[in-house]
Structures are given as structure tokens and as C-alpha cells.
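So you can see what is in the structure, the chains are spelled out below.
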Amino acid sequence: MDRPGRQRRGRSRFAGTGIRLFERAFGFDTAELGHPDYSYKPVKPVVANEQQCMESVLLSTIIPVYYGAMPNLATYARPDGPFGNPSDLMPLGRIADARAAQLEAAEACTRDMIYVGKKMAAAGADGLNFDTTASAGDAEFLATLQAIEELAASTHLSIQVGMAAEFVLGMHGEVEFRGERLAGLYPHQQVKLVEKAGASVFGPVVNTNTRKSGPWNVARAVTFVKACSEAASIPIHANVGMGVGGVPMCETPPVDAVTRASAAMVEIGRVDGL
Amino acid sequence: MAHVLASGMGGIRTAGDLVARMQLHRKMRLPQAKAYVAEKLRVGIDDLSDVVLMRELREDLDIGVVTAMPGAARGLAAKARIERLLGIEIASVRMLRAKLEAEL
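Heads up: the protein sequence lines correspond to chains A and B, in order. The first sequence runs 3 to 276 under this note's numbering. The second sequence runs 1066 to 1169 under this note's numbering.
Hints listed in this document are in silico derivations from the structure and should not be mistaken for laboratory results. Keep in mind that this is a model prediction, so the values were computed, not measured. The reader is advised that the hints may include incorrect statements.
Using 16 Å as the maximum straight-line C-alpha spacing, the simulated EDC-like pairs for lysine to aspartate or glutamate come out as follows [what the hints assert, rightly or not]: (1) A:Lys198 to A:Glu176; (2) A:Lys198 to A:Glu182; (3) B:Lys1105 to B:Asp1127; (4) B:Lys1092 to A:Glu197; (5) B:Lys1164 to A:Glu57; (6) A:Lys194 to A:Glu182.
Take the sequences, apply the hints, and build the full model.
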């Protein structure tokens, strides 16, 4: 059967050796370098080491190589970070304080993502991946969109945005980007804002409902992704993995479930990659 | 791994890396990227996934193959040739050129 091709990325957290293996032995189309502590905040103090690794990988590989990490706004809240924790403040009814804390943390998160992004651009990386964007809700989505705007305007990087969930949680509720409220957006709406910010690739996410069957989840996932693909003008690389994109939520999903979801995303979802 | 085998384009085994670069560099959707690469390689779109044809073509164009052939371009050398082939700029190659052209 003639199957249309799509892009597949292999991620190596074990520096260049894994990426070279993925390129040569497994035929991956692109690769991603990432730190074991896969968030922008912990990467910032060790970014020079990451740059060295990226430069070394780029010398000997042919496929495009991204640098990836998660915005992970939760790491900026106490006890892990310096800002107030909205999960503690909201149950106390301190809504205004929770909102203020999220915006302060978002500002710091944006600064860190821009810092790491520019360092990776200086190292010659082909692209930057913001993984699990909006995991902490609309404030994190805003932080990421603002970082994308700056990096798209000032670097050569191809910027990919992978989401965390199928809709943006309104942890703040009133955050806007270019006049559009971020809370409650679904993939076909998220992609339009990501395009406006200047990203090159969008990765929609549809969360798996673990109380339903594999076919049920795949059908639901491709429905959202198909609508996203129709709305998009940039490439769509759907997130299909543990608990997303119709794949079961377990550490080693059954291969037949994964490949069914994978094929359905291309044939029905009309994605440009995974 | 399952994704690669079920739905991957094959990377440097075929033309997956080239199609990927057009998506990344020019924000092309998949059909557009495949058409662009096919035109540059002077092959049909279906040929992009033909491992035999693409192996021979990649050897002839010297843009990198999966096996370690003595004298074959790899790494930055292959990417420099891919730059010329596709009419794009690859950052790591640009940085090498800057190093080479800088005064001693």
C-alpha cells in the first residue's frame, strides 16, 4: 500500500551517540537533543554544556537536530521556585494573588526560554522545541508564545510547539495573547496563535481517556487533529505517545496500538509528521 | 521506534531528512515539501520513499547515505551539499563557513 510519508523525530537524551544511531540504523527524519532534566529552568545554568553537545552532534549528523525542553511553569512556583504557588493560593480563596504569581512566573519563564533559545541558535541548532506547552495552563501558554515571538524575530531557529493537553487550562482565566483569551482553546484554535507568534511547526495533543478503548481514543484524536490540520498553514506534527494521540497510557504501549494511531493520524488526520 | 517503522519517511535512507528540512526552513506542509524535494531531485514523489532509487541518487549527489562509505560526504560536508541542492541555508554550515573565512 502506498503510504504517504511523514516526519518522525527521534529524541536522544544520551548525547550524540544516540542521535547518530537513530540517524543511521533507524532512519529517523529528524532528531532532538534534550537534557535529562527536561525543562528550560534547570537547563539554563548548564546551557554551555548543552551547547557543546549540540555543536558536537551537528558536526557528524545530516538530519535536522532540534534542542528540546519543557516550559514547565510549575518549576517556578514554591517550593521549587521563587514565586507563589497558585495550587496553594487558590484553595485559600486568594485568586488575585494566584493570578499575580502566575504572571510573575511566566515573565521569568519567558526570559529563560529566550536565553536558552538564543544560546542554542548560537550553537547552530536547526530548531527549538517547546514540549508540553501549557501544562500549567494559560499563563504558561502566554509565556511560550511571547518567547516564540522574540526567538522567531531574532534567530534562524525553526520553532516547534508541542502542547500538553487538548485544551488550555484556565488556571489564570483572563490571560490574552494578541487580543484572544487563551483559556479553553482547542487545537484548531491554538495553532492560529502559534502561527501568529512565528512558530514553524505545531504539535497538537489529544489526551487519552483511559476508561475507553483504543479505537475510541484514536477516533477522537484524529477528529481533533483533522480539524487542526485543516485550520493550519504551518506543518502539523501530532503528538502520539504515552497517553496522547490515541495511544494507551502506559510506559510501553503495545506496538499494534501505537502503529494504528500512527497510521490513522496520517491517513485521516492529515498530519505532516509525528 | 514503532512510529518510525509504521509511518516514517526513512531519513537519510531515503529523502526524509530533505522533506523535513523544507518543513522546518520554509514551513511547507507535507505534500508541498515532498513536491519541492522531488522537483529538486528530478524524481517522482513516490520515488522519495524508494530505498533503492534514493540510495543510488544520494550516492551520486553525495548528500549522505546510511552506511559508512569511504570518501562519502557525512555530517557538515553532506549538509553543505544539501544546502546547495535545496536552496536553503543550514545554520551549522553557515557557522563553519564563518570560521573558515575569519582572519587568522
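Consistency of the hints with the structure:
1. For a cut-off of 16 Å, the pair hint linking Lys198 of chain A to Glu176 of chain A is broken: about 19 Å separates their Cα positions.
2. Distance restraint check for Lys198 of chain A and Glu182 of chain A: the Cα-Cα separation of roughly 12 Å lies within the 16 Å cut-off, and the hinted pair is therefore satisfied.
3. With a CA separation close to 14 Å, the supplied pair Lys1105 of chain B and Asp1127 of chain B stays within the 16 Å bound.
4. With a C-alpha separation of about 10 Å, the suggested pairing of Lys1092 of chain B with Glu197 of chain A holds against the 16 Å cut-off.
5. Taken as a hint, the Lys1164 of chain B and Glu57 of chain A pair is honoured in the structure, with Cα atoms around 13 Å apart against an allowance of 16 Å.
6. Proximity of Lys194 of chain A to Glu182 of chain A is assessed by CA-CA distance (about 11 Å); at most 16 Å being required, the pair is judged to hold.
Violated hint: 1 only; the structure is consistent with all others.
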